[in-house]
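Chemist: FYI, in full-length UniProt numbering the residues of the sequence shown are 1 to 152.
Source of the hints: derived by calculation from the structure; they are not laboratory data. The beta carbon of each residue, even a glycine, is placed where N, CA and C say it ideally should be. A hint or two may mislead.
[What the hints assert, rightly or not] Computed Cβ-Cβ distance ranges for the label pairs, DEER-style:
(1) LYS110 <-> PHE39: 31 to 41 angstroms
(2) GLU71 <-> GLN28: 15 to 25 angstroms
(3) ARG130 <-> LEU16: 51 to 61 angstroms
(4) PHE36 <-> ALA111: 32 to 42 angstroms
(5) HIS80 <-> TYR106: 41 to 51 angstroms
[As the list claims (entries may be wrong)] No more than 25 angstroms apart at the CA atoms, straight line, and that leaves these computed lysine to aspartate or glutamate pairs for DMTMM-like:
(6) LYS83 <-> ASP93
(7) LYS72 <-> GLU33
(8) LYS100 <-> GLU71
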Amino acid sequence: LACCVSDQPTNWEKYLPFVTFAYNTAKQASTQETPFFLFFGREPIMPNDIKINRRYETYENTSMVYSQQWEKAQKLAREHLFKSQTRQKKYYDVTTKITKYNIGDYVSLKAPPAAGKFINRWNGPFKISRSFSDINYEIQHTENKKLKSVVH
(Lines of atoms letter the chains of each structure in order from A; the text may use other names.)
(Lines give C-alpha, C1' and ligand atoms only; values in the text may rest on other atoms or scores of the structure.)
Protein backbone atom coordinates (compact mmCIF):
# COMPACT_ATOMS: atom_id res chain seq x y z
CA LEU A 1 0.00 0.00 0.00
CA ALA A 2 2.82 2.39 0.84
CA CYS A 3 4.35 1.83 -2.62
CA CYS A 4 1.06 2.59 -4.36
CA VAL A 5 0.30 5.80 -2.48
CA SER A 6 3.76 7.36 -2.36
CA ASP A 7 2.74 9.99 -4.93
CA GLN A 8 -0.79 10.50 -3.47
CA PRO A 9 -0.69 9.70 0.27
CA THR A 10 -4.13 11.18 0.96
CA ASN A 11 -5.92 8.86 -1.49
CA TRP A 12 -4.78 5.56 0.03
CA GLU A 13 -8.32 4.21 0.45
CA LYS A 14 -8.93 4.07 -3.32
CA TYR A 15 -5.98 1.67 -3.69
CA LEU A 16 -7.00 -0.59 -0.80
CA PRO A 17 -9.28 -3.02 -2.73
CA PHE A 18 -6.61 -3.54 -5.40
CA VAL A 19 -3.79 -4.04 -2.91
CA THR A 20 -5.96 -6.41 -0.86
CA PHE A 21 -6.83 -8.44 -3.96
CA ALA A 22 -3.17 -8.58 -5.00
CA TYR A 23 -2.16 -9.79 -1.54
CA ASN A 24 -4.95 -12.38 -1.35
CA THR A 25 -4.09 -13.84 -4.75
CA ALA A 26 -0.31 -13.95 -4.27
CA LYS A 27 1.30 -17.22 -3.21
CA GLN A 28 2.67 -16.89 0.33
CA ALA A 29 6.13 -18.25 1.08
CA SER A 30 5.10 -19.61 4.47
CA THR A 31 2.03 -21.61 3.32
CA GLN A 32 2.88 -22.18 -0.36
CA GLU A 33 -0.72 -21.19 -1.21
CA THR A 34 -2.70 -18.01 -1.77
CA PRO A 35 -4.83 -16.70 1.12
CA PHE A 36 -7.82 -16.70 -1.25
CA PHE A 37 -7.46 -20.43 -1.95
CA LEU A 38 -6.97 -21.31 1.71
CA PHE A 39 -10.11 -19.38 2.63
CA PHE A 40 -12.46 -20.27 -0.24
CA GLY A 41 -11.02 -23.60 -1.40
CA ARG A 42 -10.57 -22.42 -4.98
CA GLU A 43 -8.64 -19.83 -6.92
CA PRO A 44 -10.50 -16.62 -7.80
CA ILE A 45 -12.01 -15.98 -11.19
CA MET A 46 -9.73 -13.34 -12.62
CA PRO A 47 -10.77 -10.63 -15.09
CA ASN A 48 -8.79 -12.36 -17.87
CA ASP A 49 -10.69 -15.60 -17.23
CA ILE A 50 -13.97 -13.82 -17.96
CA LYS A 51 -12.54 -12.00 -20.96
CA ILE A 52 -11.48 -15.21 -22.72
CA ASN A 53 -14.85 -16.80 -21.84
CA ARG A 54 -13.63 -19.86 -19.96
CA ARG A 55 -16.36 -22.24 -18.96
CA TYR A 56 -16.64 -23.31 -15.36
CA GLU A 57 -18.24 -26.44 -14.05
CA THR A 58 -21.28 -26.06 -11.85
CA TYR A 59 -20.89 -26.14 -8.10
CA GLU A 60 -22.86 -29.37 -7.79
CA ASN A 61 -20.42 -31.24 -10.06
CA THR A 62 -17.26 -30.02 -8.41
CA SER A 63 -18.12 -29.44 -4.75
CA MET A 64 -16.67 -32.78 -3.60
CA VAL A 65 -13.47 -32.26 -5.61
CA TYR A 66 -13.07 -28.71 -4.29
CA SER A 67 -13.73 -29.88 -0.75
CA GLN A 68 -11.07 -32.58 -0.97
CA GLN A 69 -8.55 -30.24 -2.59
CA TRP A 70 -9.25 -27.57 0.01
CA GLU A 71 -8.78 -29.99 2.93
CA LYS A 72 -5.52 -31.23 1.43
CA ALA A 73 -4.33 -27.66 0.84
CA GLN A 74 -5.20 -26.70 4.42
CA LYS A 75 -3.17 -29.64 5.73
CA LEU A 76 -0.20 -28.83 3.48
CA ALA A 77 -0.39 -25.14 4.41
CA ARG A 78 -0.20 -26.04 8.12
CA GLU A 79 2.85 -28.23 7.42
CA HIS A 80 4.53 -25.49 5.36
CA LEU A 81 3.72 -22.91 8.02
CA PHE A 82 5.25 -25.09 10.73
CA LYS A 83 8.40 -25.59 8.63
CA SER A 84 8.59 -21.86 7.95
CA GLN A 85 8.20 -21.00 11.64
CA THR A 86 10.86 -23.56 12.57
CA ARG A 87 13.24 -22.09 9.98
CA GLN A 88 12.56 -18.54 11.19
CA LYS A 89 13.10 -19.53 14.83
CA LYS A 90 16.39 -21.21 13.95
CA TYR A 91 17.54 -18.06 12.10
CA TYR A 92 16.45 -15.86 15.02
CA ASP A 93 18.24 -18.06 17.56
CA VAL A 94 21.46 -17.98 15.51
CA THR A 95 21.45 -14.24 14.82
CA THR A 96 20.09 -12.87 18.10
CA LYS A 97 22.32 -12.24 21.05
CA ILE A 98 20.62 -11.50 24.36
CA THR A 99 22.59 -9.08 26.49
CA LYS A 100 22.11 -9.66 30.21
CA TYR A 101 22.20 -6.67 32.53
CA ASN A 102 22.73 -6.48 36.28
CA ILE A 103 20.94 -4.33 38.82
CA GLY A 104 22.83 -1.05 39.04
CA ASP A 105 24.01 -1.09 35.41
CA TYR A 106 23.47 2.06 33.38
CA VAL A 107 21.72 1.79 30.02
CA SER A 108 20.33 4.01 27.27
CA LEU A 109 16.85 3.48 25.88
CA LYS A 110 16.25 3.69 22.14
CA ALA A 111 14.02 6.66 21.33
CA PRO A 112 11.03 6.40 18.98
CA PRO A 113 11.90 7.32 15.39
CA ALA A 114 11.89 11.04 14.71
CA ALA A 115 12.50 13.12 11.61
CA GLY A 116 15.88 14.67 11.10
CA LYS A 117 19.41 13.47 10.61
CA PHE A 118 20.85 14.89 13.79
CA ILE A 119 18.19 13.83 16.29
CA ASN A 120 19.53 11.85 19.26
CA ARG A 121 18.22 8.30 18.88
CA TRP A 122 18.78 7.37 22.53
CA ASN A 123 17.34 8.53 25.87
CA GLY A 124 19.10 8.18 29.16
CA PRO A 125 21.10 7.24 31.00
CA PHE A 126 18.84 5.00 33.06
CA LYS A 127 19.81 2.77 35.96
CA ILE A 128 18.51 -0.80 36.14
CA SER A 129 16.63 -1.03 39.43
CA ARG A 130 14.97 -4.43 39.09
CA SER A 131 15.19 -7.53 36.89
CA PHE A 132 12.09 -9.55 36.00
CA SER A 133 13.84 -11.89 33.54
CA ASP A 134 16.82 -11.91 31.17
CA ILE A 135 14.96 -9.54 28.85
CA ASN A 136 12.58 -7.51 31.08
CA TYR A 137 13.87 -4.85 33.44
CA GLU A 138 12.67 -1.94 35.49
CA ILE A 139 14.72 1.16 34.75
CA GLN A 140 14.96 4.35 36.76
CA HIS A 141 15.86 7.77 35.40
CA THR A 142 19.16 8.96 36.87
CA GLU A 143 17.98 12.55 37.44
CA ASN A 144 14.42 11.89 38.63
CA LYS A 145 14.40 8.76 40.81
CA LYS A 146 10.58 8.66 40.81
CA LEU A 147 10.48 8.07 37.03
CA LYS A 148 10.49 4.30 36.54
CA SER A 149 9.54 2.17 33.55
CA VAL A 150 9.43 -1.52 32.78
CA VAL A 151 11.17 -2.20 29.46
CA HIS A 152 11.87 -5.15 27.21
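Chemist: Take the hints in turn and mark each one as holding or not.
Modeler: To see whether the hints hold, each was checked on the structure:
1. LYS110 <-> PHE39: 31 to 41 angstroms: holds, 38 angstroms
2. GLU71 <-> GLN28: 15 to 25 angstroms: holds, 18 angstroms
3. ARG130 <-> LEU16: 51 to 61 angstroms: violated, 45 angstroms
4. PHE36 <-> ALA111: 32 to 42 angstroms: holds, 41 angstroms
5. HIS80 <-> TYR106: 41 to 51 angstroms: Holds, at about 46 angstroms.
6. LYS83 <-> ASP93: holds, 15 angstroms
7. LYS72 <-> GLU33: holds, 11 angstroms
8. LYS100 <-> GLU71: With a Cα-Cα distance of about 46 angstroms, the restraint between LYS100 and GLU71 is violated, given a limit of 25 angstroms.
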